[in-house]
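Just need the whole structure built from these sequences, with the hints factored in.
4 protein chains.
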Amino acid sequence: MEYVLRTMHEIANFILKVSKILKEEQVEAMINLLVEVYNKKNTKILVMGAGRSGLVGRAFAMRLMHLGYNVYVLGDTIVPSIGKDDIVIAISGSGRTKLIVTAAEAAKKVGAKVIAITSYPDSPLGKLADIVVEIPGRTKIADTELDYFARQILGIHEPLAPLGTLFEDTALAFLDGVTVELMHRLGKTEDELRARHANIEL
Amino acid sequence: MEYVLRTMHEIANFILKVSKILKEEQVEAMINLLVEVYNKKNTKILVMGAGRSGLVGRAFAMRLMHLGYNVYVLGDTIVPSIGKDDIVIAISGSGRTKLIVTAAEAAKKVGAKVIAITSYPDSPLGKLADIVVEIPGRTKIADTELDYFARQILGIHEPLAPLGTLFEDTALAFLDGVTVELMHRLGKTEDELRARHANIEL
Amino acid sequence: MEYVLRTMHEIANFILKVSKILKEEQVEAMINLLVEVYNKKNTKILVMGAGRSGLVGRAFAMRLMHLGYNVYVLGDTIVPSIGKDDIVIAISGSGRTKLIVTAAEAAKKVGAKVIAITSYPDSPLGKLADIVVEIPGRTKIADTELDYFARQILGIHEPLAPLGTLFEDTALAFLDGVTVELMHRLGKTEDELRARHANIEL
Amino acid sequence: MEYVLRTMHEIANFILKVSKILKEEQVEAMINLLVEVYNKKNTKILVMGAGRSGLVGRAFAMRLMHLGYNVYVLGDTIVPSIGKDDIVIAISGSGRTKLIVTAAEAAKKVGAKVIAITSYPDSPLGKLADIVVEIPGRTKIADTELDYFARQILGIHEPLAPLGTLFEDTALAFLDGVTVELMHRLGKTEDELRARHANIEL
Chain A
1 MEYVLRTMHE IANFILKVSK ILKEEQVEAM INLLVEVYNK KNTKILVMGA
51 GRSGLVGRAF AMRLMHLGYN VYVLGDTIVP SIGKDDIVIA ISGSGRTKLI
101 VTAAEAAKKV GAKVIAITSY PDSPLGKLAD IVVEIPGRTK IADTELDYFA
151 RQILGIHEPL APLGTLFEDT ALAFLDGVTV ELMHRLGKTE DELRARHANI
201 EL
Chain B
1 MEYVLRTMHE IANFILKVSK ILKEEQVEAM INLLVEVYNK KNTKILVMGA
51 GRSGLVGRAF AMRLMHLGYN VYVLGDTIVP SIGKDDIVIA ISGSGRTKLI
101 VTAAEAAKKV GAKVIAITSY PDSPLGKLAD IVVEIPGRTK IADTELDYFA
151 RQILGIHEPL APLGTLFEDT ALAFLDGVTV ELMHRLGKTE DELRARHANI
201 EL
Chain C
1 MEYVLRTMHE IANFILKVSK ILKEEQVEAM INLLVEVYNK KNTKILVMGA
51 GRSGLVGRAF AMRLMHLGYN VYVLGDTIVP SIGKDDIVIA ISGSGRTKLI
101 VTAAEAAKKV GAKVIAITSY PDSPLGKLAD IVVEIPGRTK IADTELDYFA
151 RQILGIHEPL APLGTLFEDT ALAFLDGVTV ELMHRLGKTE DELRARHANI
201 EL
Chain D
1 MEYVLRTMHE IANFILKVSK ILKEEQVEAM INLLVEVYNK KNTKILVMGA
51 GRSGLVGRAF AMRLMHLGYN VYVLGDTIVP SIGKDDIVIA ISGSGRTKLI
101 VTAAEAAKKV GAKVIAITSY PDSPLGKLAD IVVEIPGRTK IADTELDYFA
151 RQILGIHEPL APLGTLFEDT ALAFLDGVTV ELMHRLGKTE DELRARHANI
201 EL
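Residue numbers (the numbering used here), protein chains in the order written: chain A, 1 to 202; chain B, 1 to 202; chain C, 1 to 202; chain D, 1 to 202.
Fair warning: there could be bad hints in the mix.
Treat identical chains as interchangeable: a pair holds within one or across any two.
Said to hold, decoys possible - In the DSS-like style, the derived pairs of lysine-lysine whose C-alpha atoms are separated by at most 30 Å in a straight line are:
{"no.": "1", "residue 1": "Lys41", "residue 2": "Lys127"}
{"no.": "2", "residue 1": "Lys20", "residue 2": "Lys41"}
{"no.": "3", "residue 1": "Lys98", "residue 2": "Lys188"}
{"no.": "4", "residue 1": "Lys17", "residue 2": "Lys127"}
{"no.": "5", "residue 1": "Lys17", "residue 2": "Lys113"}
{"no.": "6", "residue 1": "Lys109", "residue 2": "Lys188"}
{"no.": "7", "residue 1": "Lys109", "residue 2": "Lys41"}
{"no.": "8", "residue 1": "Lys20", "residue 2": "Lys109"}
{"no.": "9", "residue 1": "Lys41", "residue 2": "Lys108"}
{"no.": "10", "residue 1": "Lys20", "residue 2": "Lys84"}
{"no.": "11", "residue 1": "Lys188", "residue 2": "Lys23"}
{"no.": "12", "residue 1": "Lys108", "residue 2": "Lys17"}
In short, the hints are calculated from the structure, not lab data.
Shown next, in the form of structure tokens:
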């Protein structure tokens with residue numbers, strides 16, 4: 001199981017390294033916006049991402065629901081119309097996933113605020129977003145465009161984890177961190193989260 | 001963003017610690033079975049989990065598809081009937097999630113092999129599984145039953161990450177490790193995985 | 001395309017026949033409950049069904065959202081906890097689908113009201129429901145238990161449509177009828193529904 | 001329940017009327033292609049649609065799986081890459097749903113054959129498709145473009161069923177008819193379909 005262990009180490013070390021280079025002003029902007037809208041009962045949050053990034057978004061959306069937010073996931077059956085008071089959280093390592101860029105553009109057009117979780121602030125998604133949080137990672141785009149962070153800053157040259165794995169797993173850990181930060185800022189306990197957990201579950 | 005960083009550290013350190021106490025015979029049993037069935041084109045793999053554990057299962061199922069497996073996810077539209085040549089991978093921290101236990105029982109009844117990813121080998125899911133891989137974590141069940149591993153062995157007393165977070169994130173890192181191990185055992189490159197990645201994506 | 005046309009005729013005629021034997025007190029009980037809770041902004045409606053019946057439920061759930069209800073679908077990412085002020089709408093031709101019966105039992109236990117759409121008022125689902133609406137159909141259960149309605153009353157002996165098709169398509173037409181009835185009772189126009197339609201859609 | 005019954009009549013009568021104006025060469029082209037690929041075990045079928053049209057697509061995809069096809073649904077977790085031997089079935093009343101047009105264009109680019117189920121053969125989706133099957137219906141696009149069929153030919157002036165209901169329900173009945181036609185052409189019995197029905201179901 002050598003490669004199982006080496007990969008777990010790579011993922012864990014990547015999460016630790018990313019925690020050291022997170023940009024505080026980006027993270028605070030995201031958290032402040034989420035704290036600000038908490039009591040606005042009309043504010044809807046729509047979370048979106050494709051493939052495994054979409055699954056990371058869904059995992060975060062569940063926690064936002066447990067915290068008491070009015071949250072939806074693109075791809076669920078129930079997705080309401082959104083407007084100028086609403087927030088879109090879009091997750092895409094490359095910032096170029098066509099569907100997500102298209103959906104984020106549509107969200108901007110109706111006046112919603114867009115938070116992008118991406119490795120590339122200069123990507124189409126990064127450029128249109130109101131708030132960008134940079135999470136490094138190897139992504140699916142061509143090698144030449146690949147990961148200044150991963151290669152230069154983090155010193156990762158031959159990663160084990162294929163495709164978007166490092167971005168996805170680190171984005172999940174980051175967003176789980178945002179959940180805990182929100183618990184503290186909003187004064188919510190684990191029991192309050194548990195009480196909102198689905199009691200009829202598939 | 002203090003709690004964001006502390007939580008990311010907690011998750012990363014938990015993954016590192018778990019990598020040290022993984023039981024080799026359990027992990028090897030899982031990997032050997034997956035290697036063994038790779039060329040049996042009739043073997044179907046059905047992945048299942050509830051809530052965030054289900055999302056972790058979906059992330060792993062995508063990688064199994066990228067590797068070339070004939071894989072399905074309980075909850076998708078397309079779920080075929082399964083039988084004695086097939087494999088079920090069930091993910092549940094507590095090993096008690098009613099739906100998952102019921103579905104795993106149904107799988108056993110038709111003769112499928114069940115791999116359980118759980119914190120509790122003595123749980124209903126753990127007991128019925130052919131192969132158990134223990135992944136510690138705090139889980140949703142009552143405190144009194146909680147986490148011998150997390151409390152005693154890992155020395156975690158007041159975890160930040162709420163509910164099943166540590167189990168879920170660690171299970172994801174572990175299963176991403178299984179993906180890399182399978183790439184090496186089956187001789188698959190990242191390019192081969194990329195070629196099987198959905199080219200029409202939501 | 002002979003069988004295409006014959007099947008379309010069979011389905012359409014089945015819908016017409018069922019409209020003649022719908023039990024008014026059942027349908028009125030369902031609609032009255034939905035009208036009664038419309039302005040209770042805390043009331044949640046959870047729609048559930050397995051397989052194609054689940055898809056019919058999702059189609060109805062979308063319309064309930066368009067009407068302004070606070071509605072969720074079992075199997076979506078976002079499913080809140082429910083309680084005594086909430087309503088479950090469970091769709092199962094046989095009334096015996098294990099998952100749906102289990103979930104409906106859980107809903108009863110927390111005090112939610114259960115509306116069952118089923119061919120069998122005496123089935124486990126029918127018996128536990130607060131309100132049953134009988135929609136005939138051929139279902140997946142053993143032939144000997146099959147469809148008193150379909151065979152005797154409707155005179156259908158050798159249906160073309162396989163498995164649960166007649167139940168599912170008729171349940172969809174019935175629930176689309178409930179949507180129109182609710183539009184009239186609640187004074188909602190098509191434009192109001194359109195305004196709530198997802199403007200960022202997958 | 002007056003409007004329930006009137007709506008069920010409207011839907012059933014619409015299905016009957018549409019069955020009289022279906023274009024045989026369109027329907028035969030679709031069925032012949034599906035019969036032709038049945039024994040090509042490498043051919044994948046990808047079904048797609050947004051909103052309630054997507055649910056109709058999923059209901060048909062389940063039946064294609066029951067018939068033995070290698071079928072996938074856009075939006076499911078498991079969606080493989082597709083290529084020139086594969087078939088896309090795209091469902092959109094207006095033929096203008098942005099996501100579906102984009103996805104169908106991507107499918108054409110890789111050489112897949114596209115079957116469009118739409119009310120508008122001259123829509124973007126209709127124009128790019130290899131095979132179009134026209135199913136009339138009121139759709140979500142602006143009134144001025146609305147439904148030559150529904151208004152002129154079918155004599156429907158003030159339909160009860162809101163938004164895309166008539167298209168969606170009629171498309172479902174049509175596709176259920178295609179299932180029965182395929183059963184006859186491929187010599188499949190209901191028991192064979194039942195054997196492929198998920199035995200572990202959510």
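- First find the shortest C-alpha distance between Lys41 and Lys108 inside one copy, then the shortest across copies, and answer within, between, both or neither for a cut-off of 30 Å. Classified as both: same-chain Cα gap 21 Å, cross-chain 28 Å, threshold 30 Å.
- Alpha-carbon proximity between Lys108 and Lys17, which holds within one copy, between copies, both or neither at 30 Å: This pair counts as neither: shortest intra-copy Cα distance 32 Å, inter-copy 42 Å.
- Item | Within, between, both or neither, where Lys20 and Lys41 count as close if Cα-Cα is 30 Å or less | For Lys20 and Lys41, the Cα distance exceeds 30 Å both inside one copy (35 Å) and across copies (44 Å).
- 30 Å Cα cut-off: does Lys188 pair with Lys23 within a copy, between copies, both or neither? Result: close within a single copy only, 25 Å intra versus 36 Å inter.
- Status of Lys113 relative to Lys17 across identical chains (alpha carbons, at most 30 Å): within (29 Å within a copy, 39 Å between copies)
- Have a look at Lys109 and Lys188 and pick one of within, between, both or neither, based on CA distance no larger than 30 Å. Between copies only: 27 Å across, 34 Å inside.
- Tell me, please, which holds for Lys41 and Lys127 at an alpha-carbon limit of 30 Å: within, between, both or neither? Within one copy only: 29 Å inside a chain, 38 Å across chains, cut-off 30 Å.
- Within, between, both or neither: Lys98, Lys188 at alpha-carbon 30 Å: This pair counts as between: shortest inter-copy Cα distance 28 Å, intra-copy 37 Å.
- Alpha-carbon proximity context of Lys20 and Lys109, limit 30 Å: neither (35 Å within a copy, 43 Å between copies)
- Homo-oligomer pair classification [Lys84, Lys20; C-alpha up to 30 Å]: neither (34 Å within a copy, 46 Å between copies)
- Query: Between the shortest in-copy and the shortest cross-copy C-alpha distance, which are at most 30 Å for Lys17 and Lys127: within, between, both, or neither?
  - Reply: Within. Shortest intra-copy distance 25 Å satisfies the 30 Å Cα cut-off; inter-copy 39 Å does not.
- For Lys109 vs Lys41, is the C-alpha pair at or below 30 Å within one copy, between two copies, both, or neither? both (22 Å within a copy, 29 Å between copies)
In the structure shown, a violation is registered for the earlier hints numbered 2, 8, 10 and 12, in ascending order.
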